[in-house]
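A.B. asks: Construct the complete structure from the given sequences, taking the supplied hints into account.
The residues making up each chain are set out below.
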Amino acid sequence: MIKKGLLLLSTCVLLLSAETVTFKGYVLDENKKPMPGTNIIFKETLQGAASNEDGYFTMKVPVGDYTLQISFMGYKTIEEKISFGAAKTVEKTFNMTLDYFEIGGIIVQADRELLPSDAETKTRISSGEIEHMQASSLSDVMQLTPGTRFENPGMAEKKQMSIRASKVESDASDNEYFGAQIRVDNIPLSNNANLQLDTKTTTSDGSTMTTENSGLDMRQIPADNIESVEIIRGIPSSKYGDLTSGIIEVKTKSVISNLRIKFKYNFYNQEANMGGGFKLSDKQHLDYNLNYAYAVRDKRIPEENYSRIAGQLALSSKLMQNLYTMKNRLYYTRAFDERELREDDSYLKEYYNRDYTLRFAHNSTYLFTTKQKLEFDFSANYTRQNSYRKQLISTDNTYITDMMEAGTDTGMYVQSYISELSVLGEAYNFYYNLNYAANFNFLKAEHSFLAGATFRDEFNKGEGRVFDPLTPPSVSGIKRTRPRTYDDLPSLTTTSFYIEDKIKGKFLIPFQLNLGARLESYGENKFLAKNYGAYLNPRINMLLSPTKSTQIRLGYGETSKAPSMAMLHPNPIYIDVDDVNSITDSLVIVSTYIYHKDNPNLKASRQQKLEASIDQRIGDIGLSITAYQSITTDGFSSTLRNPIFVYKYDYTIDPINPPIRDSISTTFTMYDNSLSTETQGIEAEIRTKAITPLNMRLRIQGAYNYTFSWKEDDYDFRGFIYNPEMGEDVNPFFTEISLEREKFYINYNLDFKIKELGAWATISAQQVVFDKDRYIGLDDSLAIGYLNSHGEAVYFNEAERAALTSRSFKRTYDDYWYLDENRKNIWVFNVRVSKSLGKSSEFSFYVNNFFNYRPLYQRQRATREAYTLENPPLYFGIEVSSKIDQLFKGGFSK
Amino acid sequence: MKKYILLISLIFTLLIILIPTSCKLDINEPSSLRFSVELTVVDTSLSDSDSLVALAEIIMQSITYGDKFETVTNEEGKAVIHNLLPDSYNILASGNRLEGTDIILINGQMQDTSLYIDNNDTLNLKLIAQTSKSSALLISEIYYSGAKSIIPQYFHDQFTEIYNNSNQTLYLDSLLIADVESGFINDSLIHATHACMFPGTGNDYPIQPGEFIIIAQDAIDHSIYPVNTVDLTEANFEYYLADKGDVDNPNAANMLNIHHKYGNDFLYSVFSNAIVIMDVKNPYEYGYDEFNRILLHKNAVIDGVEYRDNPSELDMKRLDASIDAGLAGGIPSYSSQSIERYIDRYEDGRMILMDNNNSSLDFHVNKPPTPGWVEEATQ
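Protein chains in written order, with numbering that gives the first Met the number 0: chain A, 0 to 893; chain B, 0 to 378.
No lab work stands behind these hints, which were simulated from the structure alone. Don't take each hint at face value.
[Unchecked claim] Using 25 Å as the maximum straight-line C-alpha spacing, the simulated SDA-like pairs for lysine to any residue come out as follows:
1) 243/B - 408/A
2) 260/B - 712/A
3) 834/A - 698/A
4) 243/B - 418/A
5) 809/A - 260/B
[As the list claims (entries may be wrong)] Here are some chain B residues pointing at chain A (derived, C-beta under 7 Å):
6) 150
7) 152
8) 244
9) 247
10) 250
11) 287
[Said to hold, decoys possible] Across the chosen pairs, the derived CB separations fall in these ranges:
12) 797/A - 334/B: 55 to 61 Å
13) 346/B - 790/A: 51 to 57 Å
14) 43/B - 712/A: 55 to 61 Å
15) 298/A - 188/B: 56 to 62 Å
16) 593/A - 207/B: 47 to 53 Å
Here a beta-carbon is modelled for each residue, glycine too, at the ideal position from N, C-alpha and C.
C.D. replies: So, in structure tokens, the structure goes:
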């Protein structure tokens, strides 16, 4: 490996010393004015430059034949063959033409390719589309991917991302969210060190507020500063690790542009944004963005609100004759998710999550030879999480102790009380990635070779769970909780190495083959630690083009995802047992037993994904069909464990007349790798080129998905009941019942982009063709085994199972449990319009569900008649934006 | 100003007159929708033939409009109720007859019965009643509502009071108290979330004629938390769950836990529930249902009382007419009120509590709760 590198290095030194030509160029725009900041690159060597203020650039190029590429966002890329030979100096002028038009700041991009050019299945969403749909956060953007049900934009509730899976069960969804990686400017964000344990309080609307053991809350990422979003649903490149379900790759804006301000208003959300960029010197520019958003879930309940301040600074530098590019970015997000005291709340609940994130991200690229580059990404992320829960704990009369160590002491009696819990987490995530890329020709094929290493170090140094042990946040029988600090927890490390070769060539037909592999190891504290598992994940993507208008894509890949720190280091259980309990004497003597729940055997979860696609172009119509299957194994599952048994001190066993209950017990759950999820599906897309004269484009996306999730060693425990035949208490357990779901959604999208009017209108419709689910495993009515009164699991063999007669070991389900829920043929229609107001301003509005079609669906699996209201309510919002400098400068600008 | 008012009222009057007349053209004015019901209460328990129950108290309530009609059947066992609107009705009938010296209680209920007849006619309705006997051992008071205090809700002060209505000493040993899950009224089994058994092996816990005993959720002085509640330190029994961190008063005998589906104590619902006292030989005989509720046979019920926050919701009942044909309650939650039996009469100085096996008739609301005694109340 090192030898090869040296070899390549020496080759480039040779290349550098070869005869060179000075290449000078001018880049002009449509109006023949110089264009600064264009990107000039030789495709073969990756040697590049940027045009200066006068649209001028210069490079020293070795003699040879090249393909020159000049690009600038929103302009048509120029690609031309160029040969350098005898002449010492070559001078050329390039005219860039616009590839987009602007609606007062919204970039409306031209036609997309009818057929995808990448082997991996992805959806690319541009800034224009994001602004046009008036997204408030990254989560709203996700609706532009097939298979996502239309919703109204908003930030009142936590938003997490799921890619190609239907919701079946909460653990499966959490895995789905947790395994979806969000990358911002090449840096993966991580929720691994989130330790906001036990604050997943259910709010009045039924949602939960924190995201430990699950995916990041996407509300943290404002939509307004996004340049583009790429949602990779297929097999990702081996560059990407620590994920299972997919990737959402966000690029924030980094261009020199005028200050632009924007206001968004809809009934439940308000948002203001300002952003721009300016030049510091010839080599450096600085971009900034500031965003404020406020949302309520229900106008009548102003006590439940969310507000967010997000800011970003980005410094881009080109140094060493443009060989070295560096971007340093600073992100800051402060989010207040509040549930203030409501007047009528008898539980006196006051909750909040007040979090802030400060992240420094560094990307640098060094073209250290003409065909090779070295990239280095570094990020330091600090997230301060402050979850506060104040509420009335309405408990049975009970006793309490504040002992922090195991032992025996007098306790005291308590009744319902007000508890205040603060969970203070300080999550640190460090990310280092070194990436080497080289282009070369080998065996008549173009190779783009990648190799790299990634190291992640994540830990939490928060004060932890802070509360008065005499007014704890929960009292559940003898199972109690105590304050806890996160200070001394080990860090979670991920070490990965990867290689990838993208081969482009022709063997009978043109093909593109991406071969990659990634070695990932997850562990504790150290570089290369692997106590949570080490995995070799192959990734293969292939693109074949049998004819000019047909291509076939095939892919297979494996991925893995580290367990979270909250799964590895859950709160210990304190069991407080009343050895002496006499309320009339006010005397209670309590013994405390501590059970640590550290989970050293937990491993990473894994996913295998298989994909096949056909893309066909028929005239001006492009058609793609993708079939996929993914299987998650070793998924994280919160599993009920055998109970812990403790004995009161005066306990004596009478061997002749053993008591019915010989001890007291409590159950608990632990995370293990017992979850499996299978998803299969077909995605089909039809898109047209612009149809004149209205410049109309039609896109139809159909997405069928089947999801089934099950747990290997998880049982349906029925609780301890007395079995008269056996004369003891038993806890029978049965197989788990799993939900299976299949759905088929079709999105219709009609776009009119009319440059002459400065208008962009979109009518989109979604048809839920069907969305059904049913329970699997209801017929298995006999117990697999039971826990006896000592907590030991006893399993039945097949013969014993068949012979079971006791009612304790049988379960039955009413007929309605066997019914399918099936939502059929539900339509929703949305319309969005963006219109320029003069040269530099714009006005947009949308109306969602404009027919206000909200059918009632009668639930099948219900004891009584029950209905749900389908579709989001009719909803609308507006947005105005303006480029400030131009607004005041008036006619001075070009 | 006056002019305007006049003008406006004129326009309104015109509108009111004009609009109906213009509509009248194509609509026939309906004759009154009201109709009458002739209700016959039938007792099928006698072998010879269906006998009609005379002097049975009838309560009929419209579910939609809440109209309540009360009457008594005549000597022929018939009662006529006029002026009914078409609706779904809950109907209760409560009577009795003598069989030797025994009083046989006759109770019937019809729930959610849709009644309608055309043309001002009289609808004939037959209500089949069930017979039962008054029990010697009665649930005389249930305090389930809980109280408000500095904390908005407190419900650990709940208690059940049991009274010996007979002239003989009875024994509580091994009797069972259970709560009844809804939705199984036509099932011969009771589905119970909780079941607790009195301790003792036969003659350990006597209850004298005219004696009250108290079963507390927690036998402590609750008035130290909410002020307007009860002191239960003197309760005879308490529910105690050893593995749930419960408090224990050693002076109150602990009820034995037979089945406990959830919760940290045997908590009665503060909204609606039915409490039964049963004589069960083997509580595990019928096993459990699919939701881990214990099954107990209805024939073993000694006495049962059903309560509900809205006592007119007879269509939601849990107990059939042979146990409790009515519904007590109608108390807001956390209001420090209990339901308590009326005093029927005194026999040789011994108080006899009312027992028609119909808690709509037998119970009244009591504030504050009276553990260990009965408040004089008139019906």
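A.B. asks: Of all the hints numbered above, which does this structure not satisfy? Sort the numbers upward.
C.D. replies: 15
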